[in-house]
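For the sequence shown, this note's numbering assigns the number 1 to the initial residue and increments by one for each residue that follows.
Hints are computed from structural coordinates only; laboratory data are not their basis.
Heads up, some of the hints might be wrong.
[Unchecked claim] Below are the DSS-like pairs computed for lysine-lysine, each with C-alpha atoms no more than 30 Å apart in a straight line: (1) K142 with K17; (2) K17 with K32; (3) K32 with K64.
[Stated by the list, open to error] Derived DEER-like restraints, expressed as beta-carbon distance ranges: (4) T89 with T249: 40 to 46 Å; (5) G256 with F358: 36 to 42 Å; (6) K6 with D251: 49 to 55 Å; (7) T158 with S364: 23 to 29 Å; (8) I355 with T92: 55 to 61 Å; (9) V105 with G329: 52 to 58 Å; (10) G27 with K142: 23 to 29 Å; (11) D318 with A61: 30 to 36 Å; (12) G122 with G369: 16 to 22 Å; (13) N382 with S3: 20 to 26 Å.
Keep in mind the model is a prediction, meaning the values are calculated, not measured.
Note that beta-carbon positions come from the ideal geometry of N, C-alpha and C, so glycine has one too.
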Amino acid sequence: MVSTLKKVTGSNITLPKGFSAAGINCGIKYKKKDLGIILSDKPAAAAAVYTTNKIKAAPLAVTKESIETEGLLQAVIVNSGNANAFTGTQGTLDAYAMRNQVSEVFGLNEHHVGVASTGIIGETMPIDTILEGIGKLHPQPKLENALEFSQAILTTDTKTKNACYSFQVGEKEVVLAGTAKGSGMIHPNMATMLSFMTTDACISSDNLHYALRKITDQSFNCITVDGETSTNDMVLVMANGCAGNEELTPDHPDWGTFLQALTLTCTDLAKSIARDGEGATKLIEVTVEGAASDEEARIAAKSIVGSPLVKTAIFGCDPNWGRIIAVLGYANVEIVPEKIDLSIGGFPVLSSSEILPFDEEGVSSYLGGSDISISVNLHSGNGNGKAWGCDLTYDYVQINSSYTT
Numbered sequence: 001m002v003s004t005l006k007k008v009t010g011s012n013i014t015l016p017k018g019f020s021a022a023g024i025n026c027g028i029k030y031k032k033k034d035l036g037i038i039l040s041d042k043p044a045a046a047a048a049v050y051t052t053n054k055i056k057a058a059p060l061a062v063t064k065e066s067i068e069t070e071g072l073l074q075a076v077i078v079n080s081g082n083a084n085a086f087t088g089t090q091g092t093l094d095a096y097a098m099r100n101q102v103s104e105v106f107g108l109n110e111h112h113v114g115v116a117s118t119g120i121i122g123e124t125m126p127i128d129t130i131l132e133g134i135g136k137l138h139p140q141p142k143l144e145n146a147l148e149f150s151q152a153i154l155t156t157d158t159k160t161k162n163a164c165y166s167f168q169v170g171e172k173e174v175v176l177a178g179t180a181k182g183s184g185m186i187h188p189n190m191a192t193m194l195s196f197m198t199t200d201a202c203i204s205s206d207n208l209h210y211a212l213r214k215i216t217d218q219s220f221n222c223i224t225v226d227g228e229t230s231t232n233d234m235v236l237v238m239a240n241g242c243a244g245n246e247e248l249t250p251d252h253p254d255w256g257t258f259l260q261a262l263t264l265t266c267t268d269l270a271k272s273i274a275r276d277g278e279g280a281t282k283l284i285e286v287t288v289e290g291a292a293s294d295e296e297a298r299i300a301a302k303s304i305v306g307s308p309l310v311k312t313a314i315f316g317c318d319p320n321w322g323r324i325i326a327v328l329g330y331a332n333v334e335i336v337p338e339k340i341d342l343s344i345g346g347f348p349v350l351s352s353s354e355i356l357p358f359d360e361e362g363v364s365s366y367l368g369g370s371d372i373s374i375s376v377n378l379h380s381g382n383g384n385g386k387a388w389g390c391d392l393t394y395d396y397v398q399i400n401s402s403y404t405t
């Protein structure tokens, strides 16, 4: 079957049928937008994955409870500027208050509302300001409104992050779109990362959750900026069925296309987060082949892209490939030290662990670019994997040494 998958220009979360959005400044921040909502015309199948940090922000528990009630959401309310994390009983009450206010304002069942927050940890929410702001949200299915939502969820990000793909399910066109935030406290297993995806596909919550969990491991869990894992991470998908397609299941002939669309959307968003790492000047992509398994390939790739020594070498345009090899030695994956191939960009450096003559000035010049690729073949099996990250710069220190939301 010929693939019908297409990347959609003008990506935004209201492109799938039946979704609207809004974003405003409600007063958590001084001027920037800080409160947003995604609203579906009808209850949508929902699935989410959350941070692995043992300290989880209150909104995660509320959203998890909402989804587990029926497997459905009709809205998700998101604020930036305050994480509502480590805020005790009051934080839980505030998260429920946000859910209840959305329920009342938009006439929804309480358990059809998800809640997410991002920002400073350990500060009490300005809940009265937020509740008043919810009443001022007027979601619309327009590009402008979708972009306002994308802006409202940002913290130290320098840009919004959006992706969208369309594909056929039978005779029906289906659209899947996503928006995300994330810049610092980013590490595999997610961190200070929020991602929201909408689709007009018809699919059950169980099948949506199965697909999301599988693909998160290949996308969002393959990025790292600074090795920090936050308290608020969430990746959430809503599927409202407004495309009118036959229900997607693993047995459906177009299931593979749906998985591909979800994979590409998640990967695009993940790479955008890595590229926008705090103070970053370069996106680093590491590809590992020939590992003992796909999982070990991803572990090795994440270890390389997460190494402070590798990241600083790339920032300084230093072709010090020995740092990459050193990482492989402690990455807790199976290697044969005598069989490693390594290339930086288009420059082969090692072949079967033998040092190749290479143009150091050429590699240094290549590292001065904005997109850096590192390729490794371990010759230990058939496992393949990728990971994405960024360089470590002076600006990262400056950003994180000051009080910021």
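Consistency of the hints with the structure:
1. For the suggested pair K142 and K17, the alpha carbons sit about 11 Å apart, so the restraint of at most 30 Å is met.
2. With a C-alpha separation of about 28 Å, the suggested pairing of K17 with K32 holds against the 30 Å cut-off.
3. Our distance criterion of 30 Å between C-alpha atoms is met by K32 and K64, whose separation comes to about 28 Å.
4. A hinted range of 40 to 46 Å for the beta carbons of T89 and T249 is consistent with their spacing of about 42 Å.
5. One distance hint, 36 to 42 Å for the beta-carbon pair G256 and F358, holds here, with the actual separation near 40 Å.
6. Distance hint check: the CB atoms of K6 and D251 are about 24 Å apart, inconsistent with the given range 49 to 55 Å.
7. Against the hinted window of 23 to 29 Å, the Cβ-Cβ separation of T158 and S364 comes to about 26 Å, which satisfies the hint.
8. Evaluation of the 55 to 61 Å hint for I355 and T92 yields a pass: the beta carbon distance comes to about 58 Å.
9. Distance hint check for V105 and G329: the Cβ-Cβ separation is about 56 Å, which falls inside the suggested range of 52 to 58 Å.
10. With their beta carbons about 24 Å apart, G27 and K142 fall inside the hinted range of 23 to 29 Å.
11. Restraint check, D318 to A61: a C-beta distance of roughly 45 Å breaks the suggested window 30 to 36 Å.
12. Checked against the hint of 16 to 22 Å, the pair G122 and G369 fails, with Cβ atoms roughly 39 Å apart.
13. For N382 and S3, the hinted distance range of 20 to 26 Å is satisfied, since their beta carbons lie about 24 Å from each other.
Taken one by one, the earlier hints fail for this structure at numbers 6, 11 and 12, listed in ascending order.
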